[in-house]
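Engineer: One letter stands for each residue in the lines below.
Protein chains: 2
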Amino acid sequence: MSGRIKCFAYTAALIAVCITSSVHAADDPLPSWNDGPAKQAILDFIKATTDSSSPNFVAPEKRVATFDQDGTLWVEHPMYTQVLYCLDHVPAVVAQRPELKDKEPFKTVLSGDREAIAKLSIKDLEMILVATLTGMPVDTFEAEAKKWIDAAIDPRWKRPYTELTYQPMQEALHYLRDNGYKTYIVTGGGQDFVRVYSDETYGIPSEQVVGTAGGTTYGYDHYGKPFLTKDPKLLLNDNNAGKPEGIHLMIGRRPYAAFGNSTGDRQMLEYTKAGDGARLAMLVLHDDANREYAYGPAQGLPNTKVGTFTQELYDEAKKDGWLVISMKNDRKRIFADAPD
Amino acid sequence: MSGRIKCFAYTAALIAVCITSSVHAADDPLPSWNDGPAKQAILDFIKATTDSSSPNFVAPEKRVATFDQDGTLWVEHPMYTQVLYCLDHVPAVVAQRPELKDKEPFKTVLSGDREAIAKLSIKDLEMILVATLTGMPVDTFEAEAKKWIDAAIDPRWKRPYTELTYQPMQEALHYLRDNGYKTYIVTGGGQDFVRVYSDETYGIPSEQVVGTAGGTTYGYDHYGKPFLTKDPKLLLNDNNAGKPEGIHLMIGRRPYAAFGNSTGDRQMLEYTKAGDGARLAMLVLHDDANREYAYGPAQGLPNTKVGTFTQELYDEAKKDGWLVISMKNDRKRIFADAPD
Numbered sequence: 001m002s003g004r005i006k007c008f009a010y011t012a013a014l015i016a017v018c019i020t021s022s023v024h025a026a027d028d029p030l031p032s033w034n035d036g037p038a039k040q041a042i043l044d045f046i047k048a049t050t051d052s053s054s055p056n057f058v059a060p061e062k063r064v065a066t067f068d069q070d071g072t073l074w075v076e077h078p079m080y081t082q083v084l085y086c087l088d089h090v091p092a093v094v095a096q097r098p099e100l101k102d103k104e105p106f107k108t109v110l111s112g113d114r115e116a117i118a119k120l121s122i123k124d125l126e127m128i129l130v131a132t133l134t135g136m137p138v139d140t141f142e143a144e145a146k147k148w149i150d151a152a153i154d155p156r157w158k159r160p161y162t163e164l165t166y167q168p169m170q171e172a173l174h175y176l177r178d179n180g181y182k183t184y185i186v187t188g189g190g191q192d193f194v195r196v197y198s199d200e201t202y203g204i205p206s207e208q209v210v211g212t213a214g215g216t217t218y219g220y221d222h223y224g225k226p227f228l229t230k231d232p233k234l235l236l237n238d239n240n241a242g243k244p245e246g247i248h249l250m251i252g253r254r255p256y257a258a259f260g261n262s263t264g265d266r267q268m269l270e271y272t273k274a275g276d277g278a279r280l281a282m283l284v285l286h287d288d289a290n291r292e293y294a295y296g297p298a299q300g301l302p303n304t305k306v307g308t309f310t311q312e313l314y315d316e317a318k319k320d321g322w323l324v325i326s327m328k329n330d331r332k333r334i335f336a337d338a339p340d
Numbered sequence: 341m342s343g344r345i346k347c348f349a350y351t352a353a354l355i356a357v358c359i360t361s362s363v364h365a366a367d368d369p370l371p372s373w374n375d376g377p378a379k380q381a382i383l384d385f386i387k388a389t390t391d392s393s394s395p396n397f398v399a400p401e402k403r404v405a406t407f408d409q410d411g412t413l414w415v416e417h418p419m420y421t422q423v424l425y426c427l428d429h430v431p432a433v434v435a436q437r438p439e440l441k442d443k444e445p446f447k448t449v450l451s452g453d454r455e456a457i458a459k460l461s462i463k464d465l466e467m468i469l470v471a472t473l474t475g476m477p478v479d480t481f482e483a484e485a486k487k488w489i490d491a492a493i494d495p496r497w498k499r500p501y502t503e504l505t506y507q508p509m510q511e512a513l514h515y516l517r518d519n520g521y522k523t524y525i526v527t528g529g530g531q532d533f534v535r536v537y538s539d540e541t542y543g544i545p546s547e548q549v550v551g552t553a554g555g556t557t558y559g560y561d562h563y564g565k566p567f568l569t570k571d572p573k574l575l576l577n578d579n580n581a582g583k584p585e586g587i588h589l590m591i592g593r594r595p596y597a598a599f600g601n602s603t604g605d606r607q608m609l610e611y612t613k614a615g616d617g618a619r620l621a622m623l624v625l626h627d628d629a630n631r632e633y634a635y636g637p638a639q640g641l642p643n644t645k646v647g648t649f650t651q652e653l654y655d656e657a658k659k660d661g662w663l664v665i666s667m668k669n670d671r672k673r674i675f676a677d678a679p680d
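So the protein lines, in turn, are chains A and B.
Counting from 1, position 190 in the first sequence corresponds to residue 190 in the numbering used here; the numbering is continuous, with no gaps.
Remember, the numbering used here sits 340 above the position in the second sequence when you count from 1.
Chain A with its partners taken away, still in its complex shape (with noise of 0.2 Å):
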């Protein structure tokens, strides 16, 4: 054995040492979630599936977590942060594209109008992402949305969306990877979107954020330098059966736990728990208008068109075993405390 080798086995013999000893540690992994089911369903599964003598041991190369993002890791209300972000940035775009400023729904944007805006329809929407969102260099629309990100304030916190992450699900992202796992993001929000920003939020690098993606065209400027430039065309819808295809595409393999919080997930929580073996699927249920939102329609809360929860997919989750986390009762806390 040389002595690089060596100095490599003793390196890997003390990882394995550290992170077994990570998994015995007195000190609570999950400090930010109330003991139960929710909470002991996580220890459980970490512990089926990285005690080697356990009969459900997943070898580490194949260890991987999907969480949803928005209202899984995230706040979503009252509107998504993307979304958000494509409607303050029409003005940049009209001011690109002048014809835009007397059509609909640009004008109504521009006007300024809370409640005309609130009632724009889908269709509407789905212009104003296509001509916020496309068209651009991929390295502008990173640029863009990086400035916005950094600046942007929630409304009813005072703080940065990016500062709006659920405290116990940061800490179920770090307990996974400190026993393994690589975590992906899988949401149906844009993906060149929340790369911008998972990295420093979550310490989840691009290339482990799967999401709605369109594609992109190759070309030169006038220098002869190459650039990608972000086409209107829909390569990947990553919501509902579009979110176990899209696994598919980006990771290759069937995730042992997934996390999120409405229909949109369905498809993938019942591809995770179709798999053999030990396998987490885990919906979060808001339920705490004080500490955060209250809606569903499942168990009575009330409807909403953004993270749709709905009663069915509430008795699917437990007929089928998989854990429904209350905002309410299973969270200590919700947000890691403001930066003083």
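Treat the hints with care, since some could be wrong.
Ranges between beta-carbon positions, derived for each pair [what the hints assert, rightly or not]:
# : chain 1 : residue 1 : chain 2 : residue 2 : range
1 : B       : Asn374    : A       : Asp150    : 46 to 52 Å
2 : A       : Asp27     : B       : Met419    : 54 to 60 Å
3 : A       : Asn290    : B       : Gly520    : 44 to 50 Å
4 : B       : Leu383    : A       : Lys103    : 43 to 49 Å
5 : B       : Gln380    : A       : Pro98     : 39 to 45 Å
6 : B       : Lys668    : A       : His174    : 50 to 56 Å
Covered by chain A, per the in silico footprint, the following chain B stretches (three or more residues, Cβ under 8 Å) [stated by the list, open to error]:
# : region
7 : 549-555
8 : 560-572
To be clear, the hints were calculated from the coordinates, so they are not data collected in a lab.
All C-beta atoms in this analysis are idealised placements derived from N, C-alpha and C, irrespective of residue type, glycine included.
Position chain B against the provided structure of chain A, taking the given hints into account.
Structural biologist: What follows is chain B alone, placed relative to chain A:
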């Protein structure tokens, strides 16, 4: 500092020592490369991008290197391995769909007439690819492709195709990974096909294989168990401009190093070199008929339809500071020794 954190810090320091010593080790990280500009370019690139005092230092999380597969990492002549799989798989498809038996091009393939098969048009081959690569559950495809690749033998070398990877490129993959680079395959071949053997053959997991990809469709079997079916719909044609487009879709970052061998890799190399700092772009020229194959038509080598390397590409490489790797002059050996 808690005991656990201390343990991790100690391990991290040890890893750093190991990596540093591996870079400065007296033992050659590229023993199958002859000394010369190609080998030196790789050594210089690693030094420039991983030495923290270098002006071109690249943060570890940004270190991405992409490799074409056919003709770059393994043998592609006289025909792409995947096409051989598809031709071999025609009888199994016809057994499932007897109506194809008397239809062209399936009839010709079933005849076993090698001369007639060699004359099949691109359109014929596309029909065969669609029939043998789509329409089945992804798990079924994976099992069948794995069975084939484990058993198939190259007629010239009498060895499995997975042993016909280039030893110098295997060393380059390891050397890059030892220095914190994430290595990706970016292939015109089928993403799902390459994923079947990429981990075992190259140490590259499925999520780091970007290839030509069709969609899948989510559905349920008779027991209500979900599964994915491979669609004939093309999502990504990962050739030419499709390579940088695929890299953006699947990785979301520009590579720092890219390796190819044909005109299908041109845009990937241009895109890589267009980034700032130190970027490495390399092209394998197959100019060694004795030890492997010789084809171009660059540099007066015989023309080919499989892995075309035009003189125009050769000239662009020379002009733009890409390195051309001569199979004949830059490689001490071609393959790993056959196992005993």
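Engineer: Each of the hints needs a verdict: does it hold here or not?
Structural biologist: Tested hints:
1. Asn374/B / Asp150/A: 46 to 52 Å: holds, 50 Å
2. Asp27/A / Met419/B: 54 to 60 Å: holds, 58 Å
3. Asn290/A / Gly520/B: 44 to 50 Å: holds, 46 Å
4. Leu383/B / Lys103/A: 43 to 49 Å: Given a distance of about 58 Å, which is not inside 43 to 49 Å, the answer is violated.
5. Gln380/B / Pro98/A: 39 to 45 Å: Check failed, 54 Å falls outside 39 to 45 Å.
6. Lys668/B / His174/A: 50 to 56 Å: Cβ of Lys668/B to Cβ of His174/A: about 51 Å, so the range 50 to 56 Å holds.
7. 549-555: holds (count 3)
8. 560-572: It holds, with 4 qualifying residues against the three required.
The structure fails to meet hints 4 and 5 from the earlier list, while all remaining hints are met.
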